[in-house]
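The listed protein sequences derive, respectively, from chains A and B.
Numbering (the numbering used here) for the first sequence: 1 to 546.
Numbering (the numbering used here) for the second sequence: 1001 to 1635.
One or more hints might be untrue.
Anything over 10 Å on all C-beta distances counts as not near chain B; from chain A, calculated [claimed, not checked]:
1. Pro-79
2. Gln-141
3. Thr-285
4. Glu-287
5. Trp-359
6. Asp-360
7. Ala-363
8. Asp-387
9. Gly-409
10. Gly-493
11. Gly-514
12. Lys-520
13. Asn-535
14. Pro-536
15. Thr-543
Under the rule of at most 30 Å between Cα atoms (straight-line distance), these lysine-lysine pairs were calculated in the BS3-like manner [stated by the list, open to error]:
16. A:Lys-290 - B:Lys-1144
17. B:Lys-1198 - B:Lys-1311
18. B:Lys-1222 - A:Lys-239
19. A:Lys-297 - B:Lys-1583
20. A:Lys-231 - B:Lys-1222
21. A:Lys-213 - B:Lys-1198
22. A:Lys-231 - A:Lys-140
23. B:Lys-1222 - A:Lys-233
24. A:Lys-469 - A:Lys-58
25. A:Lys-78 - A:Lys-406
26. A:Lys-290 - B:Lys-1198
27. A:Lys-231 - B:Lys-1311
28. A:Lys-297 - B:Lys-1198
29. A:Lys-146 - A:Lys-239
30. A:Lys-146 - A:Lys-231
31. A:Lys-297 - B:Lys-1144
32. B:Lys-1583 - B:Lys-1144
33. B:Lys-1583 - B:Lys-1607
34. A:Lys-469 - A:Lys-520
35. B:Lys-1311 - B:Lys-1222
36. B:Lys-1222 - A:Lys-213
37. A:Lys-517 - A:Lys-140
38. A:Lys-517 - A:Lys-146
39. A:Lys-233 - B:Lys-1311
40. A:Lys-406 - A:Lys-140
Please keep in mind that the hints were generated in silico from the structure rather than gathered at the bench.
All residues carry an ideal CB built from backbone N, CA and C; glycine is no exception.
What follows is each chain in one-letter form.
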Amino acid sequence: MNRNGNLAMNRRIFLRGVGGFTLAAPFLGSLNEAKGQAAADPRRLVIFYTHNGCLTDKWFPQVQNGPLTAADLTETLKPLAPYAGKLLLPRGFRSMNAYAQGQTIDPHDQACGSKLTCAPISTASTRYAMAESLDHTIAKQINPNKNTPLVLSVGAASTKVKEVISFQGSEMPFPSNVNPQTVFNALTLGTGATPTPTDPGPGMSPEVDYHVKRGQSAIDLVRGDLSRLQKLKMSTVDKGRLQNWLDLLRDTEVGVGGMTGDPMGGPTGMPAACNADTATKLGVTAEALKAASPTGKITGGTTSFGAPPPPGNNEGDNNLKISFTQGGDMMMNLIALNMICDANRVFVFLYPGYVVYNWDGMAFQNDHHGLSHRTGDNSVGGNCGVDGVLDKIQSIDNWLAGKFAKLVGLLDSIQEGTGTLLDSSATMWLSELSDGAAHNINNLPILIAGGAGGYLKQGAAVNVENPSKNIDNGKSTSTCQNGGSIGNTGSTGGNVPINKLYVTLMNAVGCTDGGNKVTKFGVMDGTNANPGISNPGEVSTLTSAG
Amino acid sequence: MNACGRSSCAASNFSPVDSRPGQSTNPRVKVNAMNSWRLVFAATVLTGCTSSIDAPGGSGPNGMGSGATGSGATGSGATGSGATGGKGSGATGPGTGGSTGASAGMGSGGTMVVAPGDTNCNPGVPITSQIPRLTNVQYDRTIKDLLGLSTLSAASNSVPSNLLATDQSGGLTDVGWAAYKTVAEYISAQVMADATMKPNFIACDPAAPNCLHDTAVAFGRKAFRRPLTPEEVAAFDAVIAQGPDITPTGAPAEIAEALLYMFLISPSFLQREELQETTDSTGHNTLSSYEVASRLSYMLWGSMPDAPLAKAADDQALGTPDQILAQATRMIADPRTREMTSEFHRSYMLMGLNTRWDNTNKDTTRYPAFNRSIVPQLQEETEMFFDDVTFAKKGTFNDLLTSTTAFVSSATAPFYGLDPSKFSAGLTATTLSDRPGFLTRLGFLNAYSGGVTTSPILRGAFVTKQIIGITIGAPPPGAEQTPLPAASETLNTTRKRFEQLTAGDQCKGCHTPFVNPPGFALEAFNTVGTWQTKDPDSGEPIDTTSDVALDDTGETTVHVTGPAELMAAIATAPLAKQQYTSKWVSYAYQREGDPNDQCTVNQLAAKMTASGYTIQNLITDLTQTLSFRVRAAGQ
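Just need the whole structure built from these sequences, with the hints factored in.
In C-alpha cells form, the structure reads like this:
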C-alpha cells in the first residue's frame, strides 16, 4: 500500500486541545497547499528516555501477550490507560552492553552509550559510544532536509555520557539542548525576526520585508565564506562540517515557522499550520517560554542525607525544578510544533537521573540514582538505606509515566490527515535500565504509543521472546519494604536483542536498506560485545501485519 | 609481574621498557625490577557504578568534553576492537595493532609508538580540525573581550551561551545555527545602544564617509583574529551597500548594527580557523602568526588574543619558540590564565557538578558538627590551594604535595582542630605544618570517604589511579555489592575490616599492593577529615603504616608511616609527575591520550624532575612543543 497517497490529499492539521475539544477556529491551512505539492505523509519517531530503571513489577502490567486494554494499566502505567488502544508493549527485549556482560566499565555509561548505538563504548574517560545512534541513522533517511534529529533534555546541559545517548558517529556525542527558548528560536527566528522573536508583529510588513532581505544578505555572506573554505585542502571531516553549514542556508533566513511571515501560513515551503497562532494554541507564548527557560545555573538538586530537604531557594535548585516541570512540558509543546512545521521527524527527549526530585509533591533527600540503588547514594548492594525507598521510587516512576502520558496525549490531540500526530508517529518510552539496583538491561520496560501510520500493532502486549511462556516481571519490590538486605531485584529471561526492535522501528518510519526492508542495526547484538549481528530481521509480531 | 591489571588487561597493552632505576631520590624507595613491564598507554578505567573515582567527561580549558574533535573524528573506529576486548584499559594503545584513529585519518605511516618515560623520542603531531567552532565558554569569553558584553539584556541578563545550542563538535545543526543568529541579533542591538560598548565595535560616526568600510576592516581584524582578505572586505562592503534594503529605515546606525550582526554570524568569527597551507621542511603545515596567536590565547585564556598578542601577530613575531614563549610568559600573569589553571585543577581533582565533591555528605548523628553548607568551602579551599602554589608561590609539582599553606574559615576550623574564633567566615591563609599538600585537606578527605566511616578504597583508588597514575583494571563483577564486614573483636578498626573485605583472590591482586596502601596511610584522618589516632568505635590504635606502590609493576614501593611520608613519596615519584603532565597535555590540547602526544608528555615530565621547574614553567612549555607550533599535513 502506498501510505503516502490518499491520506496526503486531505491532510490538514487541527488542534483539538489536550482535553480533546477543538481549539479556536479558524482551522489551519494544509501543509500540502503551502508546499504546492503532494508532500509525503510524514512518519516520525520520538524517543522518551528516562534513567535508573523503575520498579519493574509495578511498571509491567500482568498481561503477557495479547490485547492490552485500559483495565490492564492499573499501576505505574495508569496515566496511559486512556490511550491503551494506541499502545504497543513489546516484552522481552534486552540491550546488549551490560556491565561484565559486554564491557566492564560502568553500568550506566555502558547502558547509555550503547543504548541507541548497539555498540561498545570507548575506554577513554569520555566513555563515548563507538558508533552512530539510531536517531541519526533514521534522521538521515527520513528528515526533510536530512537534518540531524532534535535531541532535547530537561536539567543542565551536559556532554557526559551519563546524559548523552545520541551519537553522530564513533565518539561523536550529540548532546541534548536544554533551553526551550533556544529550541523555539530554531523554529521561528530567521534574521527576519523582530528583536523579540515571540512578538512577530503583523505579516508581510515593510519590516518583515527588510528582514527577509537581510536574511538573504546573510546567506550570501556566509555562503561566500564557506565556499572559500571549501576550496582549501581539508580533512573529510572538516569538509563535512562545511557542507553541513551550507546545507543549513536554505529558506531558514526568511523566518521558519511562519512567525514572521504570512499570518495565513508560513513562508514558502513551510506548512501552513506552522505559524504563531498555532504556537499560541499550543501554549508556546513569549511569556510561557520565558518562564520555562532558566537563565542561570542548573544543579542536580541538593541532597540532604537524612535531613529535611532544603527549602529550594537556591537558584540552581530552583532552575532544576523549573526545567523538569515547566521546561519539560514546554519541550513537549515544541516537539509538537516541530512536527506541525515538519522541521524534524526524529526526536529524543531525556529526563536525566542524577537529580533530586523536589517538586510536584515529592521532596526527597537523595537523588534519583541513589534512590534507585535503594542505598540513597552511589554505593551498590548491602542494606536498604532509605526509609520508604520503594514509595519514593514509585513516586518518580509515576511522575515519569505522567509525563509520557502528557506527551502522548498532546500528540494525540492534534489532528493530521485522518488521524493524529500520534498515529503517524512511533513515540517510545525507553529506559536506561530495567531495575535500578540490579542494573539489569534484560526485560527492558518499553512502551510505544502510536502505530507509525499503521505499521505497528496497536492495543497489544507482545512477548517477543516466547509468546507461549510467561515473562518475568522482576523482583523490584521484593526487598526493602522494611529495611534489610537489597538482594537481587532483577529478572530472568527477556533477552531478545534490542537491535530487532530498532530494525522494526526503522521499517515502521520508512527507512530502507537500498530499497529493501532494513534487517540490521548496530555493531553487535550479543552479550560479549563482539562485532556482528547474529540475529537479523524485524520482529513481525510487532507489526500490524504480523 | 603482579596480578592486578594483568588479570584484566590484555597482554598486548604492555611492552617492556626500562624502569629507569636510580631516578628516585628517595632513599626508602626500592626498585626491584631492572627490566619491568609498564603500561604503554594509560587509559583510565572505571571501577563500577559511578561510585568510583572517575568522573567521565573531563573537560578541556574551554569547557567541552575532549575527544570528539580532530583526529578522533576522522579516525574510524579503529579503537573498537580493543574496547570489545572488554575488560580493561588501553584499547587505543599503540602497538596493539597500532594505528588507532589518528593514523587512520592521516593516511600515512601510522602513529609512532612511544613508551611512557621514554624521552629519547620524536614528538608527534596529531591531526586536528582546521575549523573547530568556538565552544560556548569560548564564545562568551570572546564576546566579552571583543565587545565588552557579558550578559544579554534582551534575555534576562543571561550569558550569551545560555541561548546557544549545547556544545558538540560535529557539523552545525539547525538549532545551533539559529541560535548563533538569535544571539548575534541581541548582541548587535545591545552594543549599538550602549555608549560604553559601542566604541569597541565602531569608533567613527556611522554617517561619516568611509566609516562603515573602515569599521569593517578594523573590527574584522579583531573579530576574525586576522586581517580580512580583499574578498572579505568586498563582501562586507556589499553588505554596507545593501544597507537601506536590509534595515528598517536605512539610517547609518542601523546599517552599522546590521554589519556587526553579519560579523557575528560569520564562519570566520565562529570558527577558530587554521587555513595556512605552507609546509615546512619536515612536511608539517606551518601556522600563520595569527593562527599561533589564536592557539596561544585560546589555550591560556579560552578567548581571543589581546592587543599586544595581536600586534605580535601583525609583526610576524610569533615564528620561533622563543617568541612564543615570550608571549606565553607575559600572558600567564593575566587573571584569565589563573581561571584556566583553576579549571584544570578542578578536572585533575575530578571536581564539579554531580561528583563526589558535590555530593559530599556525612551522617550528622555521628558528626553533628558537619553541615552540608560547608561543602562549597571544601571545594574552594582546594581551589585556593592550587592557585596559591601555582601563582603566589610560583611552586612546583613537589609543592603541591608538600606546601603547608591552608585556607581555613570559622566553619572549617573545627575539623582542622583549630579555634573557629580565630577565623572569619571567609577562607584565609594559615599554616598547617602537619598537613602537607592537597591530599591532607578537608576537601579531598571528605569527598573520598563514606558518610559514616572512612573508605580507604575510595581514597586509595583516587591517589593510586588519578594522582600516582597507576593503571588499575576494573573490579570484578559484584565486587562493589560485597558488604563491608561488620566490626568485631578482631576486626576492630576500619583498616582491618577493609583488609578482610579485599582479601579474596579476585580482589587482593589490585587492592593489596596498589589500592589500599595510600588509603591506609590516610586513615590518620577520619571521614570528616579530622586527625584520629584511635578507632572511633573500638578505641583501638590506628595503623597508618603501609608500603605504597609508585609504579605499575608494584615492585617499586616505599614504606610510609603516615600522610606526610606518603605525600613526600608521591612528590618524588616519576610516574606521578608523568601523570600530572599527561593530564595537562590532554587538557591544554583538548585531546585525551593521543599517542602522538606521548613523547611530549615524557619530555615535559622529565623536565619536572629538575629542581625549580615550576607549574608555570610547565604551562608555558606547553606552547613550546612541535604540535603546538605546526599542524599535521597530508589530510
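Hint numbers not upheld by this structure, sorted from lowest to highest:
Checked against the structure, no hint fails, so every one of them is satisfied.
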